Amino acid sequence: MRRDARRSYQSIGRELGVSEGTVRKRVKRLIKSGVIKRFTIEVERPQQVQAISMVSVDPSVPTPTVAEKLARLRGVERVYEVTGQYDALVIITLNSMTELNRCIEEIRMIQGVRDTNTAMVLRVVGPLTQAE
249 MRRDARRSYQ
259 SIGRELGVSE
269 GTVRKRVKRL
279 IKSGVIKRFT
289 IEVERPQQVQ
299 AISMVSVDPS
309 VPTPTVAEKL
319 ARLRGVERVY
329 EVTGQYDALV
339 IITLNSMTEL
349 NRCIEEIRMI
359 QGVRDTNTAM
369 VLRVVGPLTQ
379 AE
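Residues in the sequence shown are numbered consecutively from 249, following my numbering.
FYI, nobody ran anything at the bench for these hints, they're computed from the structure.
Take these hints with a grain of salt, some might be off.
Claimed, not checked - Pair by pair, the computed Cβ-Cβ distance ranges are:
#: 1; residue 1: R274; residue 2: P312; range: 48 to 58 Å
#: 2; residue 1: R262; residue 2: V283; range: 17 to 27 Å
#: 3; residue 1: E325; residue 2: E353; range: 28 to 38 Å
#: 4; residue 1: N365; residue 2: E325; range: 16 to 26 Å
#: 5; residue 1: R274; residue 2: L370; range: 34 to 44 Å
#: 6; residue 1: E325; residue 2: Q359; range: 19 to 29 Å
Keep in mind that this is a model prediction, so the values were computed, not measured.
Every residue, glycine too, gets a C-beta built ideally from N, C-alpha and C.
Given the sequences, and given the hints that come with them, work out the whole structure.
Rendered as structure tokens:
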């Protein structure tokens, strides 16, 4: 289902050797328990600029506070709090380099942001999904 959320329960059942009804009940149970949070689409974005910005947060400011401010910026698709040299990883998609530059400047102006390191996305190899 991660690769194709449109697959029919019957098709999944055939692959797993169970009935369509069994698959439907299991999916319903997974939704109810919160394991499946949403069914979504991946939209092709021609001519857009994508970047990943790694953000270091000053220890005097809670990382979740900075992460929430980052998430509200225009163009920010997702913010991850991470371990390692940086405290947050920010996925950014905008229409131009000018907009991206403005977004990075806004990130740097957020109280608590100590340092940023931004990498441009050259090519996307596969969909953004949880590890399988």
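Hints, verified against the model:
1. R274 to P312: 48 to 58 Å: 34 Å, violated
2. R262 to V283: 17 to 27 Å: 22 Å, holds
3. E325 to E353: 28 to 38 Å: 18 Å, violated
4. N365 to E325: 16 to 26 Å: About 18 Å separates the Cβ atoms of N365 and E325, which means 16 to 26 Å holds.
5. R274 to L370: 34 to 44 Å: 39 Å, holds
6. E325 to Q359: 19 to 29 Å: 22 Å, holds
The structure shown violates the earlier hints numbered 1, 3.
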